[in-house]
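Student: Chain by chain, the residues:
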Amino acid sequence: MSASTAPAPAPASPPGSTLLGHARYVVAENPVTGLAFGMAILLVVAALFGQWIAPYDPLASDTAAALQGPSAAHWFGTDQLGRDILSRVLVATSLDLRIAVFSVALVFALGGLAGLAAGYFGGWVDMVVGRLADVIMAFPLFVLAMGIVAALGNTVTNIVIATAIINFPLYARIARAETRQRAEAGFVEAARLCGHGNLSILLTQLLPNIMPIMVVQMSLTMGYAILNAAGLSFIGLGVRPPTPEWGIMVAEGASFIVSGEWWIALFPGLALMFAVFCFNLLGDGLRDVIDPRKRT
Amino acid sequence: MSETLPLLDVAELSRQFTVRGTTGGLLARLRGGAAAAPKLHAVDDVSFTIGRGETVGLVGESGCGKSTLVRVLTRLLDPTSGSIRLGSQDLTHLPARRFARRPERARIQMVFQDAGESVNPRYTAFDAIADPLRRLRRLRGAALRSRVETVATQCGLPLALLPRFPHQLSGGQRARVGIARAIAVEPELLVLDEPTAALDVSVQVVVLHLLARLKQELGMSYLFVSHDLNVVRLLCDRVLVMYLGRIVEEGPAGAVFANPRHPYTRALVEAIPQIGAEGAPERIRLGGEPRSPIDPDPNVCRFYGRCPRGFARCAEQMPPLHEVGPRHRAACHLVEGG
Amino acid sequence: MSERPPRADPAVPPQLTPAGGPAADLAVEPGEAPPLDTAPTPPGTAPNLLDSLPPGPIPPAAAFSAAQAEPCLAVRDLAVSFRTRGGTVKALEQVGFTVGRGEIVALVGESGSGKSVTAYALMGILDAAGEVTAGTAQFGGTDLLHAPERTLRGIRGRDISMIFQNPRTALNPIRPVGKQIADVLIRHGGAGRREAPAAAIEMLRRVRITDPERRARAYPYEMSGGMCQRVMIAIALACRPKLLIADEPTTGIDVTTQAVIMDLLTGLARESGVSALVITHDLALASEYCDRVVVMHAGHVVEDAPVRDLFAHPRHPYTARLLAATPTGHASLADLASIPGSLPDLRRPDLPACRYIGRCDRALDSCQVSLQRREIAPSHLVACNNPL
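Residue numbers (the working numbering), protein chains in the order written: chain A, 160 to 455; chain B, 20 to 357; chain C, 2 to 389.
Certain hints may be false.
[As the list claims (entries may be wrong)] Counterexamples of contact, computed for chain B against chain A with all Cβ distances above 10 Å:
1) D28
2) L59
3) G70
4) L113
[What the hints assert, rightly or not] If you only want the chain B side, here are some residues facing chain C, beta carbon under 7 Å, derived:
5) A217
6) A231
7) E236
8) A290
9) Q293
10) I294
[Stated by the list, open to error] So the derived label-pair ranges between C-beta atoms look like this:
11) B/R304 - C/S371: 47 to 53 Å
12) B/H228 - C/R77: 38 to 44 Å
13) C/G88 - B/R304: 31 to 37 Å
14) C/D336 - B/A216: 17 to 23 Å
15) A/D293 - B/R39: 17 to 23 Å
16) B/S81 - C/D362: 36 to 42 Å
These are computed hints drawn from the structure, not numbers from a lab.
Glycine residues also receive a C-beta, built at the ideal position from the N, C-alpha and C atoms.
With the rest of the complex left out, here is chain A:
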């Protein structure tokens, strides 16, 4: 008991009664969250409209203009084939975000639901999911991802799958822990009295309650997934040149740093950093927005 829990009938908090109103409040309280939302919007715009915003064709080479530093004509400079780096960075956003979104969606479906079931049923389900997660965790994760892509073939789909698999233990464990905490809660028993079977309890009672934490996790892993995809491309697995992708671009530019052409690697690297940073901040912000109990 404390005075901060409002007396008698908790008044419907006027500014925070809707999700949007609450989001506005959170942003106002914590400007960093607002910044993260702004950054995320920039990324999405770049992903959706990059092709049209880009000043040049990202694939068109112009040997006459090769290896030029940043200038008014080419803000981010040009690479060894004379391609405009700004255009390539913009267009690459779409591919990198897509890889991240799909892999996160996939790992949520696999790991999240497996963890949910493990946490609720316990027993052998829990054991199987737990051991599977342990097996995956036993490998150095990036090496595992490399192995999966190498074995399955060098495609974007396989990058998505590999990224999902290495994130499986994390999702399964978080979902399991969160579910376990609530599986004994009164509202689960109450649901059973209301005529819910096991499957219905999992999907209509427990899943919505662990969603906030999972959404936060998804945002945090988005950054990691992008980094992972770029890393795979960097070492030559996954996306193949000349497709614009941040990881490849950094890899291609790396050899030119020694000779002084730093911009080739720097700008895609910055884009990568921007995206990872954005999703991490966003994750922290979402945690505050989504938790209904914080709305008082």
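With the hints as your guide, set chains B and C onto chain A.
Tutor: Chains B and C only, in chain A's frame:
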């Protein structure tokens, strides 16, 4: 009792849990077989009945097995042995898993201790009350809305509060939501698991009056689980006292409180703080800890060791329930022969 | 008592000690409340904690009577507010009461009455949104509300100890309970490392834990809730505090265990002359174990009286209603009366002078604007313009 069938008839009900992990690992279990695993006797050989329109109180300390008993009765758990009959229907052999989706589910409902915790935090009050109606009565649309509003009104919940989430309601309002949800499907037996434990006294009074009124209006039977004996005394017709999984005393509420016959019941009654009780005669105080409920000796009284009046025979023979008055029974060697 | 700072703590600015207060000319110096301490023990020779503790030898008569003139704790005009999104909550206003030497006082109220906030304010552990906006709390010459953190740290756990509602969370889960008691004895009680474990076992025996030698090695999770609460009591009393604050010490504990715990708590406090402030929502509990009851409602003290007076003749309408709503000894459910109305929204800028006005059937027009606080009978205070 003899003229009509009681609403609920529980006979020789037991529920045990296998204790894992503490002693012996997989190897020991393999070697000794399943029988060697220690068992926690949460509910042990419990029999009682609840008549139509009757309010029966169930009291006991935490860990005495009353929660398990309630969960077996409401068919959230399966009994290990014994039988549960509701009216003319035997519920014993319906596994809890399947029972959840049968229409009989509506006949026994429960009000939970902490209404804040027993309502899904992502449900509004409306959704919470509508949930059993959707699933067990298959109500939809206007019929659903009108039934929810009827029940909410019956429970004194203003309709304006229906779109609110549990955390936007006060404790008393949450309690009303919990009660409304339970009576929405018109159960015959309502199990109340410490429904007022989390409430302030001024709110508790209102909820108790509400429960008394609903019972009159709807003709339900109540099983009222509580540790607050003052409340049990006021609300209940009959009382069951549980200690370590067994019923040690049962009888009319007035008789049990005025003249408790089992030493445990006496200690329980005398431990209730009373206003203006200074200078009361010396009371029994229970020292020590209860015996372990894991594989208890079937021939030793469960209260032995903590009982201020225990003697040699208590360690040799488990006392059965003796008749000590009209419909009043106590399980103690000291009351043998009435 | 090698670790004890000298009488007048240099960290206390002089203006904070009661200048010219009622106690100023007494033999007892500010910063010191001597009833239990006799002579200071020279460092090195470990004080025998146990000898001076149990069957409380009443300290020298002179010191004791001098001490009695000054209460152990005197709270005056305490006001606390919390900043929240919906506005500032005036959680406490003009809260005042005293705890006499060796007295056991109950602070009773429903949730939202401010009883726990009062305790937290006194202990200096209000959460960050809360702020003490007015008032003093004199404790042996120190104003608990304004003393610097360093001084408070010296007082907390040694001169004032606290027992919380949930003992299991208040104990360190990964340290045996005997060691936890010993830690306190070493830190605050001046015990040496070698004798502390034995003293800890003795403390466990005093809180009537059977087989204390074995239990001292147990971890909190191996003990029941009642047992953990006894350990908490042992810790709280280990270094003979002057004041014990117990916040809902038996909530969530079975009624049979509650009786044992309360017997123990009040019995030990009385026998060692410790003053106690017991915070509870249970009037019946307060009536049975305490000397005086302070009733709170919506951040105000509405009534303050000796137990017998309060229950025989409640003078504030709220106290009377609360008594009627507490189920003890009523003949039937119908006799149990509820309290109509609800608590006022404490964020309103225009709160009425009496915060009970919305629930009161004896309210006068004057209750909107002013509230009389008076001593209606000897040591029976009531804050009501139209008392019963």
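Student: Are the hints correct? Go through all of them and say.
Tutor: Checked hints:
no.: 1; hint: D28; result: 21 Å, holds
no.: 2; hint: L59; result: 17 Å, holds
no.: 3; hint: G70; result: 23 Å, holds
no.: 4; hint: L113; result: 13 Å, holds
no.: 5; hint: A217; result: 9 Å, violated
no.: 6; hint: A231; result: 6 Å, holds
no.: 7; hint: E236; result: 15 Å, violated
no.: 8; hint: A290; result: 4 Å, holds
no.: 9; hint: Q293; result: 5 Å, holds
no.: 10; hint: I294; result: 5 Å, holds
no.: 11; hint: B/R304 - C/S371: 47 to 53 Å; result: 48 Å, holds
no.: 12; hint: B/H228 - C/R77: 38 to 44 Å; result: 40 Å, holds
no.: 13; hint: C/G88 - B/R304: 31 to 37 Å; result: 49 Å, violated
no.: 14; hint: C/D336 - B/A216: 17 to 23 Å; result: 21 Å, holds
no.: 15; hint: A/D293 - B/R39: 17 to 23 Å; result: 20 Å, holds
no.: 16; hint: B/S81 - C/D362: 36 to 42 Å; result: 39 Å, holds
Going through the hint list in order, the structure does not satisfy hints 5, 7 and 13.
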